[in-house]
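**Student:** Below, each chain spelled out in residue letters.
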Amino acid sequence: MSPSVRLQEMIRVIRGARTQGEERGVIQRECAAIRAQFRQADNGTRSHNLAKLLYVHMLGYPAHFGQMECVRLIASPRYNEKRVGYLGAMMLLDEKQDASLLITNSIKNDLSHSSQYVQSLALCTLACMGSAEMCRDLAPEIDRLLRASNSYIKKKAALCAVHMVRKVPELGELFTPAARSLLSEKNHGVLHGAVVLITELCERNPDTLEQFRKAVPELVLMMKGLVMSGYSPEHNVAGISDPFLQVRILRLLRILGRNNDTASDAMNDLLAQVATNTDSSKTAGSAVLYETVLTVMDIKSESGLRVLAVNILGRFLLNNDRNIRYISMTSLQKIVQTDHNAVQRHRGTIVDCLKDQDASVKRRALELSLALVSAVNIRSLMKELLLFLSSCPPELRAHTTSGIFNAAERYAPSQRWHIDTILHVLTTAGGDVRDETVPNLIQLITTATELHCYTVHKLYRALITDISVQSLVQVACWCIGEYGDLLLRGECEETEPVQVTEDDVLDALETVLQSHMSSPATRGFALTATMKLSTRITHNVDRIRSIVSIYGSCIDVELQQRAVEYNALFKKYDHMRAAVLERMPVIDKSSPGHTNGESAGGTIKELEPTKLTQEIVFPQEPSNQVCDLLDLLGGSGEPFQPSPSLSSTAPGPASSTAGGDLLDLLGGLDVTPAPPSVTVYEKNGVTLKLQTDRQTDTGMTVTITATNSTDGDITGLTLQAAVPKSVQLQMKAPSGDVIPAHGLGQVTQTVLLNNPNKVSLKIRVRVCYTSQSSVCQDTVQIDSFPSTAW
Amino acid sequence: MMHFLLLFSRQGKLRLQKWFTPIPEREKKKIVRDMTTMVLGRKPRSCNFLHWKDLKIVYKKYASLYFCCGLDAEENELLALEVLHRYVELLDKYFGNVCELDIIFNFEKAYFILDEFLLGGEVQETSKQVVSRSIEASDMLQETMEEYMSKPAF
Numbered sequence: 001m002s003p004s005v006r007l008q009e010m011i012r013v014i015r016g017a018r019t020q021g022e023e024r025g026v027i028q029r030e031c032a033a034i035r036a037q038f039r040q041a042d043n044g045t046r047s048h049n050l051a052k053l054l055y056v057h058m059l060g061y062p063a064h065f066g067q068m069e070c071v072r073l074i075a076s077p078r079y080n081e082k083r084v085g086y087l088g089a090m091m092l093l094d095e096k097q098d099a100s101l102l103i104t105n106s107i108k109n110d111l112s113h114s115s116q117y118v119q120s121l122a123l124c125t126l127a128c129m130g131s132a133e134m135c136r137d138l139a140p141e142i143d144r145l146l147r148a149s150n151s152y153i154k155k156k157a158a159l160c161a162v163h164m165v166r167k168v169p170e171l172g173e174l175f176t177p178a179a180r181s182l183l184s185e186k187n188h189g190v191l192h193g194a195v196v197l198i199t200e201l202c203e204r205n206p207d208t209l210e211q212f213r214k215a216v217p218e219l220v221l222m223m224k225g226l227v228m229s230g231y232s233p234e235h236n237v238a239g240i241s242d243p244f245l246q247v248r249i250l251r252l253l254r255i256l257g258r259n260n261d262t263a264s265d266a267m268n269d270l271l272a273q274v275a276t277n278t279d280s281s282k283t284a285g286s287a288v289l290y291e292t293v294l295t296v297m298d299i300k301s302e303s304g305l306r307v308l309a310v311n312i313l314g315r316f317l318l319n320n321d322r323n324i325r326y327i328s329m330t331s332l333q334k335i336v337q338t339d340h341n342a343v344q345r346h347r348g349t350i351v352d353c354l355k356d357q358d359a360s361v362k363r364r365a366l367e368l369s370l371a372l373v374s375a376v377n378i379r380s381l382m383k384e385l386l387l388f389l390s391s392c393p394p395e396l397r398a399h400t401t402s403g404i405f406n407a408a409e410r411y412a413p414s415q416r417w418h419i420d421t422i423l424h425v426l427t428t429a430g431g432d433v434r435d436e437t438v439p440n441l442i443q444l445i446t447t448a449t450e451l452h453c454y455t456v457h458k459l460y461r462a463l464i465t466d467i468s469v470q471s472l473v474q475v476a477c478w479c480i481g482e483y484g485d486l487l488l489r490g491e492c493e494e495t496e497p498v499q500v501t502e503d504d505v506l507d508a509l510e511t512v513l514q515s516h517m518s519s520p521a522t523r524g525f526a527l528t529a530t531m532k533l534s535t536r537i538t539h540n541v542d543r544i545r546s547i548v549s550i551y552g553s554c555i556d557v558e559l560q561q562r563a564v565e566y567n568a569l570f571k572k573y574d575h576m577r578a579a580v581l582e583r584m585p586v587i588d589k590s591s592p593g594h595t596n597g598e599s600a601g602g603t604i605k606e607l608e609p610t611k612l613t614q615e616i617v618f619p620q621e622p623s624n625q626v627c628d629l630l631d632l633l634g635g636s637g638e639p640f641q642p643s644p645s646l647s648s649t650a651p652g653p654a655s656s657t658a659g660g661d662l663l664d665l666l667g668g669l670d671v672t673p674a675p676p677s678v679t680v681y682e683k684n685g686v687t688l689k690l691q692t693d694r695q696t697d698t699g700m701t702v703t704i705t706a707t708n709s710t711d712g713d714i715t716g717l718t719l720q721a722a723v724p725k726s727v728q729l730q731m732k733a734p735s736g737d738v739i740p741a742h743g744l745g746q747v748t749q750t751v752l753l754n755n756p757n758k759v760s761l762k763i764r765v766r767v768c769y770t771s772q773s774s775v776c777q778d779t780v781q782i783d784s785f786p787s788t789a790w
Numbered sequence: 001m002m003h004f005l006l007l008f009s010r011q012g013k014l015r016l017q018k019w020f021t022p023i024p025e026r027e028k029k030k031i032v033r034d035m036t037t038m039v040l041g042r043k044p045r046s047c048n049f050l051h052w053k054d055l056k057i058v059y060k061k062y063a064s065l066y067f068c069c070g071l072d073a074e075e076n077e078l079l080a081l082e083v084l085h086r087y088v089e090l091l092d093k094y095f096g097n098v099c100e101l102d103i104i105f106n107f108e109k110a111y112f113i114l115d116e117f118l119l120g121g122e123v124q125e126t127s128k129q130v131v132s133r134s135i136e137a138s139d140m141l142q143e144t145m146e147e148y149m150s151k152p153a154f
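Protein sequences appear in the order of chains A and B.
In terms of UniProt numbering, the numbers along the first sequence are unbroken and rise by one, the last being 790.
In terms of UniProt numbering, the numbers along the second sequence are unbroken and rise by one, the last being 154.
Check the hints yourself; a few may be wrong.
[To be verified] Here chain A is said to cover these stretches of chain B; the calculated rule only asks that three of the stretch's residues, wherever they fall, bring their Cβ under 8 Å from a Cβ of chain A:
| no. | segment |
| --- | --- |
| 1 | 39 to 49 |
| 2 | 65 to 71 |
| 3 | 92 to 100 |
| 4 | 123 to 130 |
[As the list claims (entries may be wrong)] Far from chain B, some chain A residues (derived; all Cβ distances over 12 Å):
| no. | residue |
| --- | --- |
| 5 | 28 |
| 6 | 32 |
| 7 | 95 |
| 8 | 192 |
| 9 | 250 |
| 10 | 410 |
| 11 | 435 |
| 12 | 692 |
| 13 | 693 |
| 14 | 695 |
| 15 | 711 |
| 16 | 782 |
| 17 | 783 |
[Said to hold, decoys possible] For lysine-lysine, the following BS3-like pairs were computed, each having C-alpha atoms within a straight-line distance of at most 30 Å:
| no. | chain 1 | residue 1 | chain 2 | residue 2 |
| --- | --- | --- | --- | --- |
| 18 | A | 362 | B | 53 |
| 19 | B | 18 | A | 282 |
| 20 | B | 93 | A | 167 |
| 21 | B | 18 | A | 96 |
| 22 | B | 43 | A | 383 |
| 23 | A | 362 | B | 60 |
| 24 | B | 53 | A | 186 |
| 25 | B | 13 | B | 56 |
Bear in mind the hints are in silico, worked out from the structure with no lab data behind them.
C-beta atoms are modelled at their ideal positions from N, C-alpha and C, and glycine is treated no differently.
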C-alpha cells in the first residue's frame with residue numbers, strides 16, 4: 001500500500017467523524033501511531049507520517065512532538081523527506097523554538113546543494129522563519145547566491161535577503177552592491193526581487209536612498225518598457241504587462257522621489273504616461289493606476305500631474321466596482337488637507353457614496369464628507385449629513401454626531417440654523433451625542449437672544465412628543481424654565497406658537513420628573529425648571545410649591561437637596577426668590593476655536609461675507625490699529641495699482657507691527673497755515689507738490705503734482721497714500737506715470753479726503769519711480785494742512 | 001509584505017495557513033478566529049477590504065473557500081486581489097479545475113505551490129508558466145518508491 005494513500009485515508013476518516021469527540025479520538029490514535037513510527041527506524045514512511053501530523057496540526061491539535069522529526073527529515077538526502085521536513089519546519093518551528101537553531105547547518109549545506117530545487121527549499125524556509133542569528137550566519141551565502149547563480153535561485157535569494165534585512169538591518173550594507181547589479185537583469189522574477197530588495201534597503205537607510213536615486217532613470221526606462229510593450233503572453237494580466245512588477249517599480253519611484261526635486265522631475269513624464277495609457281477596466285489596470293496616483297501625490301510632482309491624479313481618483317469614485325470606490329476614498333482622505341479644492345470638485349459623488357450599502361464605503365464617505373465641509377457648502381452638505389444620520393449604521397452614529405456638531409460650530413451660517421441643526425441631531429440620534437452637547441447647546445441658546453421664543457416653542461413641542469432622549473429633555477426643561485413666560489405668551493414670530501396654559505407646561509415638566517425613563521440628571525433639570533417657573537407664571541405657584549415639597553423627601557439625594565433648598569426659598573427667603581430665579585445672563589463661551597464672526601466675549605453675529613471695501617473705511621477698527629494702517633506703506637511691499645482703491649492691502653497687514661517708530665498721529669500738532677501749494681518731497685530731481693482745496697465741511701481735495709528736473713525721464717511713477725483711521729480716502733487715477741525730463745511736463749494725481757470726525761489730518765505718501773534705470777522708493781509724511789475751521 | 005495567508009471554508013474550517021512573521025501559537029489561533037469571524041460576517045456584496053489592528057485585510061471568495069490575507073498598511077489592496085487570484089489560477093492549473101476537496105486532500109501540494117509563488121511575504125515570480133514549470137520539475141524529483149528505499153536515510 002502506497003504510504004500517501006494512508007495520509008488521504010486518515011483525512012477521510014477524520015472528516016467522517018460525526019462529532020467533535022469522535023474526531024478527537026481518531027486523532028489521538030493517529031498521533032500515538034505517528035509518535036511510535038517516529039521512534040522506529042526508518043521504514044520509508046517518515047515523510048508521510050510527518051505530513052499526517054501537519055494535517056492534524058492544521059486542525060488545531062498540538063503537534064510539537066514533530067519538531068525533532070522535522071530536523072531529521074531536513075537532513076535526509078531524499079528529496080521527498082527534505083520537502084516535507086522543510087514544510088514542517090515552516091509550520092511547526094519558529095525562531096522562538098530552540099529546535100530551529102538545529103536546522104541552521106542543514107540549511108547552510110542545502111544552500112550549496114547541486115540541485116536548485118533543494119537550494120530553493122532552503123531559501124524558502126530561511127525567508128519564512130529565519131531568526132536573526134541564522135540570518136547573520138547565512139548572509140554571506142545569500143550574497144554569493146545573489147551574484148552567481150541562475151535566475152531561479154537569484155530571485156529567491158533576493159527575497160531571502162529582504163527577510164534578512166528586515167530581521168537584521170545592518171545586513172543592508174552587505175547586500176547593497178549586489179542589489180544594484182541585479183537591476184540590469186532581464187528576468188522579471190529577478191527584477192521583481194531586486195526592486196523589493198532595493199525598496200527595503202532604501203526605506204531603512206537614507207544613505208542607501210541617496211545612492212539609489214541615481215538609478216531613477218534606469219527604473220523609468222524599465223517601467224516605460226513595460227507600459228509600452230506589446231502583448232507579452234508570459235506576463236500579461238488583463239492587458240497589463242506584469243502588473244506586479246509595475247506596481248513595485250512605482251512604489252520604489254515613490255520612495256526615491258519623495259522630497260527630492262530632481263528625482264521627481266525625472267519621473268514626471270513617465271507617471272503622466274502611465275496615468276493616461278493604463279487601461280483600468282480590470283483590477284490589474286486599476287491597481288497600477290492606483291499606485292501611480294499614490295506616487296504622484298507623494299513626490300514633488302507638477303500641479304498638472306496632481307490634478308490628473310485627483311481626476312483619476314474622481315473617476316474611480318464613479319466606478320461600479322465597490323473596491324475601487326473604497327480605495328479611491330481612502331486616497332482622497334489622505335490628500336483632502338493638501339489638495340482641498342481638487343477634492344471639493346468631487347464632493348457630489350462622495351456624498352452619494354453615503355448611501356452605499358457597504359459599511360466600509362459608508363464610513364469612508366462620512367469621513368471625507370466631514371473633511372470637505374466649508375463655509376460655502378455647509379447648508380447643502382449638512383442636509384445630506386442629517387439624512388445620513390437618520391439611516392446610518394449604529395457604529396457610525398457617535399462619529400457622525402460629533403462630526404456634525406464640529407462642522408456646525410465652525411461654519412454655522414446663522415444661529416437659528418445652528419440651533420435647528422443641533423435639535424435635529426438630538427431628535428434623531430440623541431442617545432449617541434457627546435456629554436458636553438447639553439451645556440454647549442444651552443450656551444448657544446442663551447446667546448441667541450432674538451431666538452428665545454422660537455427655541456422654547458420648538459423644544460416644548462419636542463418635549464411633549466417624546467421624553468426618552470435625555471439630552472433633548474434636559475435642554476428642553478432648561479429652556480422652559482428660563483423662557484417659560486415667552487411660551488405662555490402664545491405668540492411667536494418665527495414659528496407657529498403653541499397655545500398652552502400654565503397647567504400644560506407644569507404637566508409636561510412633571511411627566512419628566514416622574515417618568516422612569518428620566519435619568520437623575522434630567523430630573524434635576526426638570527425640578528429646577530419647575531422652580532424657575534414660579535417667578536414666571538401667575539396662577540399656579542401653589543402647584544409648584546407642592547411639587548417641590550414632595551421632592552423634599554425624595555430618595556435621590558441630589559433631588560432631595562434641591563427640593564429642600566427650593567422649599568426654603570419659598571418659605572424663609574420668599575423676598576429673594578424673584579432675584580434668585582431671574583433670567584440668566586448670556587454665558588460666555590470660553591473656547592478659542594470659535595470662528596463664527598464674533599468679537600471676543602460677545603455675541604455671535606450673523607456672518608457677513610467679507611467684502612473688499614472700495615475705500616478704506618476705518619470707523620470700526622480698534623484704536624491700536626491706527627498706527628498699523630499707516631504702517632501699511634512701510635511694511636508691505638505690494639505694488640500699488642493705479643485705481644481709486646487701496647483695498648488689496650487693507651485687510652491683510654492690519655495686525656500688530658513693530659510700531660515703535662510710528663508717530664503718534666492723533667497727538668496734538670501745530671497746525672500752521674500752509675500755502676495752497678507746498679513742496680513735500682524733493683529728492684533725486686523729483687519734486688512733489690501738494691495743493692489742497694476744501695470742498696465741503698468735511699471733504700477736501702488734495703492734488704499732488706510731480707515734476708522732474710533730471711536729464712532723463714522718470715518712469716513707472718506710482719503714489720500711495722494712507723490717512724488716520726477716521727478719515728476716508730479716495731485716490732483718483734493719475735494723469736500718467738512718466739515725468740518728462742528737464743521739467744518739461746508733470747504728473748498730477750487727485751486725492752479726495754473726507755474727514756467726518758474732524759480729526760487732525762495727516763497723510764503719508766509713498767512714491768515709487770524708476771530714474772536712470774534704478775528703482776527708487778520714498779515715503780513722506782505730511783502733517784500740516786490748511787487749518788481753517790477743522 | 002504579506003503577514004499571513006489563510007484559506008477557510010464557509011463553516012470556518014481552516015484549509016491552509018501560511019505565516020510570514022514569527023507569531024506565537026496562541027496568537028495564531030486568535031488571529032484565525034478573528035479573521036474567520038470578520039470575513040464570514042461580511043454581507044455578500046461588500047467590498048473586499050477590511051481593517052484589523054494596523055493591518056489591511058484583503059479577502060476573496062472562490063466557490064466555497066475564502067482566501068484571506070493580511071497586509072502592511074502601505075500595500076496596494078487591488079494588487080493583493082490580483083495576488084490571490086494568481087494563486088487560485090496556479091492551483092487550478094495544477095489540479096485541473098481545483099475544488100476545495102483537492103486542497104483538503106493534497107494540502108502539502110497546495111503549500112508547495114504557494115512556496116513557488118510567494119516567498120517571505122512577497123511575490124517571487126510573476127510569470128504563471130515559470131511557476132507551473134518549477135512545480136512540475138520538483139514533483140519529478142520526488143523519487144519513486146524503489147529509488148526512495150534504496151537511498152540511505154542519513
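**Student:** Confirm or reject each hint.
**Tutor:** Now for the hints, and whether the structure bears them out:
1. 39 to 49: holds (count 6)
2. 65 to 71: violated (count 0)
3. 92 to 100: violated (count 0)
4. 123 to 130: holds (count 8)
5. 28: holds (19 Å)
6. 32: holds (21 Å)
7. 95: violated (5 Å)
8. 192: violated (6 Å)
9. 250: violated (9 Å)
10. 410: Residue 410/A is indeed farther than 12 Å from all Cβ atoms of chain B, at 28 Å.
11. 435: holds (28 Å)
12. 692: holds (71 Å)
13. 693: Holds, since 73 Å exceeds 12 Å.
14. 695: holds (71 Å)
15. 711: holds (69 Å)
16. 782: Nearest chain B Cβ is 65 Å from residue 782/A, so the label holds.
17. 783: Holds: least Cβ distance 66 Å, greater than 12 Å.
18. 362/A <-> 53/B: Roughly 20 Å separates the two Cα atoms, so the pair holds.
19. 18/B <-> 282/A: Holds, because 28 Å separates the two Cα atoms, which is no more than 30 Å.
20. 93/B <-> 167/A: violated (35 Å)
21. 18/B <-> 96/A: Given pair residue 18/B, residue 96/A holds - Cα atoms ~17 Å apart, limit 30 Å.
22. 43/B <-> 383/A: holds (28 Å)
23. 362/A <-> 60/B: Status holds; Cα separation ~20 Å.
24. 53/B <-> 186/A: Measuring from Cα to Cα gives roughly 39 Å; hence the hint is violated.
25. 13/B <-> 56/B: holds (22 Å)
Going through the hint list in order, the structure does not satisfy hints 2, 3, 7, 8, 9, 20 and 24.
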